[in-house]
Amino acid sequence: SQTIHQWPATLVQPVGSPLSLECTVEGTSNPNLYWYRQAAGRGLQLLFYSVGIGQISSEVPQNLSASRPQDRQFILSSKKLLLSDSGFYLCAWKGTAIETQYFGPGTRLLVL
Amino acid sequence: EDQVTQSPEALRLQEGESSSLNCSYTVSGLRGLFWYRQDPGKGPEFLFTLYSAGEEKEKERLKATLTKKESFLHITAPKPEDSATYLCAVQAGSWGKLQFGAGTQVVVTP
Chain A
1 SQTIHQWPAT LVQPVGSPLS LECTVEGTSN PNLYWYRQAA GRGLQLLFYS
51 VGIGQISSEV PQNLSASRPQ DRQFILSSKK LLLSDSGFYL CAWKGTAIET
101 QYFGPGTRLL VL
Chain B
1 EDQVTQSPEA LRLQEGESSS LNCSYTVSGL RGLFWYRQDP GKGPEFLFTL
51 YSAGEEKEKE RLKATLTKKE SFLHITAPKP EDSATYLCAV QAGSWGKLQF
101 GAGTQVVVTP
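Residue numbers (the working numbering), protein chains in the order written: chain A, 1 to 112; chain B, 1 to 110.
Because the hints were derived from the structure by calculation, they are not lab data.
Be aware that one or more of the hints could be misleading.
For each label pair, taking beta carbons as the anchor points, the in silico distance ranges come out as [said to hold, decoys possible]:
(1) A/Lys80 with B/Ala77: 48 to 56 angstroms
(2) A/Gln70 with B/Pro8: 38 to 46 angstroms
(3) B/Thr76 with A/Gln2: 26 to 34 angstroms
(4) B/Thr26 with A/Thr96: 21 to 29 angstroms
(5) A/Gln62 with B/Trp95: 16 to 24 angstroms
(6) A/Ser67 with B/Pro40: 35 to 43 angstroms
(7) A/His5 with B/Pro40: 14 to 22 angstroms
Straight-line distance between alpha carbons at most 20 angstroms, and here's what the computed EDC-like set of lysine to aspartate or glutamate pairs gives [claimed, not checked]:
(8) B/Lys68 with A/Glu99
(9) B/Lys79 with B/Glu45
(10) B/Lys97 with A/Glu99
(11) B/Lys63 with B/Glu45
(12) B/Lys57 with A/Glu99
(13) B/Lys68 with B/Glu1
(14) B/Lys59 with A/Glu99
(15) B/Lys68 with B/Glu56
(16) B/Lys97 with B/Asp2
(17) B/Lys97 with A/Asp71
(18) B/Lys42 with A/Glu22
(19) B/Lys97 with A/Glu59
(20) A/Lys79 with A/Glu26
(21) B/Lys42 with A/Asp85
All C-beta atoms in this analysis are idealised placements derived from N, C-alpha and C, irrespective of residue type, glycine included.
Chain A on its own, in the form it takes in the complex:
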């Protein structure tokens, strides 16, 4: 069966510091991968998606970037965090033959 991991689970970072969040998927090959951000009391906003190694599409202009160095690894990064980057970050995967996305446990990021 497929599983999706995210780490760290919680992160507190000062403004201006760098960021690296990691997501890995097990039990599937060539998945579509997605990064979402969820602000308190709001729905999920799609940030990036990837349909293959090295391929990244950005949905909204922002202070963040994403990379996919391996087939089942997706990384969300920032060079300098802003207060507005605080939120709950979720990674999701989708198989090529199905439409449903499955989510990881999320990373809670607090920028102070």
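We have chain A; now place chain B onto it with these hints.
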């Protein structure tokens, strides 16, 4: 522009008191409508996928239905463990991109 609106924002139910959640959408070329359950501090858990008007799916006390403009999630005889935020999302574009509603927070009291 694709839009997904969920109502109500919050719902408080007594145990056993059935109710429905609404998800209305405006998209061109719906490829799928999805329901998820989200517990506090956790990632969304997949519940249902609906593809065409008239389709219905059930799982335990939950039943999801779809029309051309909206979807309903019916909760029959809820229990306290059904307390969660229920999210609706639609897929209309390519690459599986989803547009989410803001969710309905459901609290079921004993």
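Verify the proposed pairing of B/Lys59 with A/Glu99, using a straight-line Cα cut of 20 angstroms.
holds, 19 angstroms
Is B/Lys68 close enough to B/Glu56, meaning Cα to Cα at most 20 angstroms?
Given pair B/Lys68, B/Glu56 holds - Cα atoms ~13 angstroms apart, limit 20 angstroms.
If I claimed the Cβ atoms of A/His5 and B/Pro40 lie 14 to 22 angstroms apart, would that claim hold in this structure?
About 20 angstroms separates the Cβ atoms of A/His5 and B/Pro40, which means 14 to 22 angstroms holds.
For the pair A/Gln62 and B/Trp95, does the Cβ-Cβ distance stay inside 16 to 24 angstroms?
holds, 19 angstroms
Does A/Glu99 lie within 20 angstroms of B/Lys97 when you go C-alpha to C-alpha?
OK: B/Lys97 and A/Glu99 at ~10 angstroms, within 20 angstroms.
Between B/Lys42 and A/Glu22, does the CA-CA distance stay at or below 20 angstroms?
This hinted pair holds, its Cα atoms lying about 16 angstroms apart.
B/Thr26 versus A/Thr96 beta-carbon gap, inside 21 to 29 angstroms or not
Holds: the Cβ-Cβ distance is about 28 angstroms, inside 21 to 29 angstroms.
Between B/Lys68 and A/Glu99, is the straight-line Cα distance small enough, at 20 angstroms or below?
Within the cut-off at roughly 19 angstroms; holds.
Should the hint that A/Gln70 and B/Pro8 are 38 to 46 angstroms apart at their CB atoms be regarded as holding?
holds, 43 angstroms
Satisfaction of hint between A/Asp85 and B/Lys42, Cα-Cα up to 20 angstroms
Holds - the C-alpha atoms of A/Asp85 and B/Lys42 are around 19 angstroms apart, at most 20 angstroms.
Honestly, do A/Ser67 and B/Pro40 meet the 35 to 43 angstroms range at C-beta?
violated, 30 angstroms
Given pair status - A/Asp71, B/Lys97, alpha carbons within 20 angstroms:
Cα-Cα ~19 angstroms, so holds.
In terms of the numbered hints stated before, the structure departs from hints 6 and 20, listed from lowest to highest.
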